[in-house]
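Throw the hints in and build the complete structure from the sequences for me.
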Amino acid sequence: MKSHTFTNFVIALSTLASVTISTQHDHGHDEVEAPSIDHTQLSGVELYDWLGTDGYYTEHYSDEELQKLVAEGLANDDPDIVSATIGSLSWYAVHSLTQRDESGKPRFDRDLQSVPGLKQSLIDVWRANKNEDTYPLTQEDFENSVEYRNEQLAPVPSLEFAWSFIPPTLASLFPKDQEVHELLWDGYDPDNPITLLDWLNRGQFTTEKATKLRLELLNAVEGLSPIYAAIGLGFTESSDALTALVDRLEKDPGNRVLCAHLIDSIVGHGASAVPHLTLLLKAAQESDLLPPEGETLVQPEGYGLTADIGIEYRTQQAIRKLEKILENSSEDG
Numbered sequence: 059m060k061s062h063t064f065t066n067f068v069i070a071l072s073t074l075a076s077v078t079i080s081t082q083h084d085h086g087h088d089e090v091e092a093p094s095i096d097h098t099q100l101s102g103v104e105l106y107d108w109l110g111t112d113g114y115y116t117e118h119y120s121d122e123e124l125q126k127l128v129a130e131g132l133a134n135d136d137p138d139i140v141s142a143t144i145g146s147l148s149w150y151a152v153h154s155l156t157q158r159d160e161s162g163k164p165r166f167d168r169d170l171q172s173v174p175g176l177k178q179s180l181i182d183v184w185r186a187n188k189n190e191d192t193y194p195l196t197q198e199d200f201e202n203s204v205e206y207r208n209e210q211l212a213p214v215p216s217l218e219f220a221w222s223f224i225p226p227t228l229a230s231l232f233p234k235d236q237e238v239h240e241l242l243w244d245g246y247d248p249d250n251p252i253t254l255l256d257w258l259n260r261g262q263f264t265t266e267k268a269t270k271l272r273l274e275l276l277n278a279v280e281g282l283s284p285i286y287a288a289i290g291l292g293f294t295e296s297s298d299a300l301t302a303l304v305d306r307l308e309k310d311p312g313n314r315v316l317c318a319h320l321i322d323s324i325v326g327h328g329a330s331a332v333p334h335l336t337l338l339l340k341a342a343q344e345s346d347l348l349p350p351e352g353e354t355l356v357q358p359e360g361y362g363l364t365a366d367i368g369i370e371y372r373t374q375q376a377i378r379k380l381e382k383i384l385e386n387s388s389e390d391g
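All residue numbers in the sequence shown are consecutive under this note's numbering, ending with 391.
I should point out that these hints are in silico values taken from the structure, not numbers from a laboratory.
Any given hint could turn out to be false.
Using 30 Å as the maximum straight-line C-alpha spacing, the simulated DSBU-like pairs for lysine-lysine come out as follows [to be verified]:
hint : residue 1 : residue 2
1    : Lys270    : Lys379
2    : Lys270    : Lys309
3    : Lys267    : Lys234
4    : Lys309    : Lys382
5    : Lys309    : Lys379
6    : Lys177    : Lys163
7    : Lys270    : Lys234
8    : Lys340    : Lys270
9    : Lys270    : Lys177
10   : Lys188    : Lys177
11   : Lys126    : Lys234
12   : Lys382    : Lys340
13   : Lys177    : Lys126
14   : Lys382    : Lys163
15   : Lys270    : Lys163
16   : Lys188    : Lys267
17   : Lys379    : Lys340
18   : Lys188    : Lys126
19   : Lys379    : Lys234
20   : Lys309    : Lys267
21   : Lys163    : Lys379
22   : Lys270    : Lys188
23   : Lys177    : Lys267
24   : Lys126    : Lys163
25   : Lys188    : Lys234
26   : Lys177    : Lys234
27   : Lys267    : Lys163
28   : Lys163    : Lys234
29   : Lys309    : Lys340
Structural data, given as structure tokens:
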């Protein structure tokens, strides 16, 4: 039965992305130090593996040099190099999602989306590989879709299944793009809606179809669907989205991770969320999401979508943001 998708890998990869950047070269294995890699001696698949896990986030190459390498990799006659290039872009997409500065901008923006023909090249590879026999991936294929190879201590998409990581990569690199939106829905597996929710969130899509799916899954009792749905409804500017978030928080805030995301997403609606400040404070306190009074938390190096990494910081910042909005509105009044 073809039911497994890439969500678990995305979560694992997101966690590893946080560890990778914050410690430079420690990729999260138990006290195993990553070998020193001389990137000047790398070529082919090994070079693109290194770019994805390390090279895009260093000063070894300029933006223009990296863009040239991506263009050359995608145009290469060797399908393995094409796949390794796609795999490197999937890593880059995760870093752009999880590694952001105080202003919310990616810490490592190499403007790879400006590579001529990049979007169409990825779409073409997806369409050439995705069919009813290959997608959704079987359990065996799913387990083989990620591997450790060469000297890397971080996982990379396997050469055979790198194409299956194209939807989230496109969503991250080309947010709100209509053609990408259609491709994401082409990859929708009703048995695993979390994957599509993740893709839609990466691409900041707020279409009617996206909102409908999020509203349907926000009240799921188990699984990760409510978290992904809450995140998406947080940047969906509609009264229905805000009402649904408040209703879920009021009736069943879930575990502290979901509660934190609900609070953060409600505050994402700005002034419209002010009437719910008391509810947010109550929920945050009951879920032990606020530090002692007077203590200011420091922004973590990275975030874990389903782990506790950074949720207290996000909650404190969200509450403070809403209190500031209330304060400003009172002064204006």
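Non-conforming hints, listed in increasing numerical order: none
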